[in-house]
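Asks: One-letter residues, chain by chain:
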Amino acid sequence: MISRRALELATAFLTGSFGVTVVISSLDNGIGWSSAGVEAGTFPFLTGIIIVLGSLYNLARGVLPAATLANVPVAITPIELRRLAGLFVPAAIFVAAIPLAGMYVASSLYVFAVLAIPRHQSVPRALAMAAATALALYVVFERMFQVSLPHGALAAALGF
Amino acid sequence: MDNLAELLHGFTIAVTVPHLVLMAVGVLLGILVGVLPGLGAPNGVSLLLPLTFGMQPVSAIILLSSMYWGALFGGSVTSILFNIPGEPSSVATTFDGYPMARDGRPTTALATAFGSAAIGALIGVILITFLASWVAQVALAFGPAEYFAVYFLAFASFVGMGGAAPIKTVVALAIGFAIAAIGIDTVSGSVRLTMGVDELVKGVSFVVAVMGLFGIGELLVAVEEEFHARAVSSKIDWREVFRAIGRLPQHGVALLRSAAIGCWMGITPGGPTAASFMSYGIARRFSRRGRYFGTGEVEGIISPETADHAAGTSALLPMLSLGIPGSATAAVMMGGLMIWGLNPGPMLFVDQKDFVWGLIASMYVGNIVAVALVLLTVPVFAALMRIPFVVIAPLIVIICVVGAYSVSNSYLDVVMMLGFGVIGYLFKKLFYPLAPLVLAIVIGDKAEDAFRQSMLMSKGSLGIFFANKLVTCLIVAGIALLLLPLVLQLAKLWRKPASPATEPTAQEKVII
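Going down the list, the protein sequences come from chains A and B.
4 is the number of the first residue of the first sequence in the working numbering; add one for each residue after it.
-1 is the number of the first residue of the second sequence in the working numbering; add one for each residue after it.
Warning: the hint list may mix true and false statements.
Said to hold, decoys possible - Just the calculated beta-carbon pair ranges, DEER-fashion: (1) A88(A) / V15(B): 48 to 56 Å; (2) G339(B) / W36(A): 44 to 52 Å; (3) L17(A) / G339(B): 33 to 41 Å; (4) M53(B) / V142(A): 15 to 23 Å; (5) E197(B) / A39(A): 26 to 34 Å; (6) F284(B) / R146(A): 52 to 60 Å.
Simulated from the structure, these hints should not be mistaken for lab results.
Just so it is clear, the structure is predicted and the values come from calculations on it, not from any experiment.
We put the CB at the ideal spot given by N, CA and C, even for glycine.
So here's chain A without its partners, still in its complex pose (with noise of 0.2 Å):
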């Protein structure tokens, strides 16, 4: 289970370390005036700033009781999570496999592992979605619009 107040804390951790990072990487750029005019990373050194300070606000919001807050206590419940992860981190491995195994292949075993694992689907029919999927893809973009999807690490081993 995750409280709404852990989600605002995350979250306004996340946004706070961003604004962090622009405000550090734009100093590189030089903040303020210069006889060339505003320097490259002023307005992003501000922007950082006020990132910061609304995450601030945001964390001492999260940290303080409030009605809004009280209201809802459970922003995620554990059956929640549970569907969450069961879209998320196979999507996640989908991403990472594509380098690996390339658009085609890495979409096919996609679709057809999370149809097919959690019997959603049977085999069968899973097996031919995942290879529609591979073909539609392959028709739409690499012949229709002539965008060449990424054929992957093992299928240029394999001389493709």
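Fit chain B to the known structure of chain A by using the hints.
Replies: Coordinates of chain B only, in the frame set by chain A:
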């Protein structure tokens, strides 16, 4: 009268067979993305964007804008028949649309929704026809300082009137600006914010952000809830369609009021979602039958639908005449305009008359095409909803991945898209607004350039933003909007010192 002549010329461009076909294709694709959860107008339009590069700009914008109309209609179909809003902007339609459909009047609910939506859109287009070229003419005299002031006003109105928590809006906006700054700085040519990743020199495309934020993010929100598409009958009784549309004039006041709210929220970047909620809330307060709202009241459908479409349409006005999009989808379209080599803003009305008036004329025709097509295809798309979510979800993931990759054939974009998905989920869950984030990514560079050019002109003095009446008014209005939430909060504290707790925002209340 000039406008009417230009408009007639526009019709000769818009009403040609190829363009009518494009409209139909756009509307159908739009209804499709509107119906599917996880795919909405912003990422539907960005998916289609790469396919328009070879087209004439006017054909491309007709395709994309028709998709937008289709998506607005498609969102209402699922709201009414399934109680599942296909688009965030049609959440308010579920309140009365679904109860009415469940009571055995699905045709009445759908026809009322589409009829009032068409009226809302029509009023929005009429507004554009008469106002857009005038605004553009005023804007032709703008210098960098005026431009920055207008951008500032646009961003401030998100904070002041967006309906989300103000500081969260500020954070979302600032993150968008920072993302826009990544890559090569257009003024000095130096490389910024790449954090040591060489590939980031090309910057972060708004398409990648939109795919993740709206595509994966929305999918993650949708998967949390068990998806039961328990549809009411989706058969259309054509006689009832005409009867329901014939009854619309009885609700003239509600129609006009909602259209006015919609136009206002569309031109100022409040967006269709905020417009529909606001219109529903106001209708409930002012309608004689207000206490029956939520049980299938006709005005409970008319109000959000009219405002939603009026806002969606009029969001294109500031995009065309000032180069400031009024909604997330308009922001994506504006990104498209820049890719096609057009410069959104007042010069369009001088240099690209065919483009502008062809688009405006196509908005009249496109909305009629959309109403007809959506009524004809309701049963087909309702059947689509019976495909289980577990089958649709991986397909949408693949569409987003391929869409992000095809922007610039970069694997890093795909990884970033997934990251934006997580951000989109967190932001949606915690009511950070996404539209300002996208808007800032698209026009962040332009706002920054305007600021730096004004600084160059004034040799570093902020006084240039108070140099004449116009720019002073714009800046002061912007500051007032920024401070509005703070003032309201203080006023509340002053009246009731005992309860410092803030009210949840309108949209939050609904979801809670």
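Asks: Return holds or violated for the Cβ distance of G339(B) and W36(A) against the range 44 to 52 Å.
Replies: Violated, at about 34 Å.
Asks: Indicate whether the distance between the beta carbons of F284(B) and R146(A) respects the range 52 to 60 Å.
Replies: Given a distance of about 56 Å, which is inside 52 to 60 Å, the answer is holds.
Asks: Confirm or reject the claim that M53(B) and V142(A) have a C-beta distance inside 15 to 23 Å.
Replies: Because 20 Å falls inside the window, the suggested range holds.
Asks: Between L17(A) and G339(B), does the C-beta distance stay in 33 to 41 Å?
Replies: Cβ of L17(A) to Cβ of G339(B): about 37 Å, so the range 33 to 41 Å holds.
Asks: Can the suggested window of 26 to 34 Å be confirmed for the beta-carbon pair E197(B) and A39(A)?
Replies: With a Cβ separation near 27 Å, E197(B) and A39(A) satisfy 26 to 34 Å, so the hint holds.
Asks: Please test the hint of 48 to 56 Å on the beta carbon pair from A88(A) and V15(B).
Replies: For A88(A) and V15(B) the Cβ distance comes to about 50 Å; the hint holds.
Of the numbered hints given earlier, the model fails hint 2 alone.
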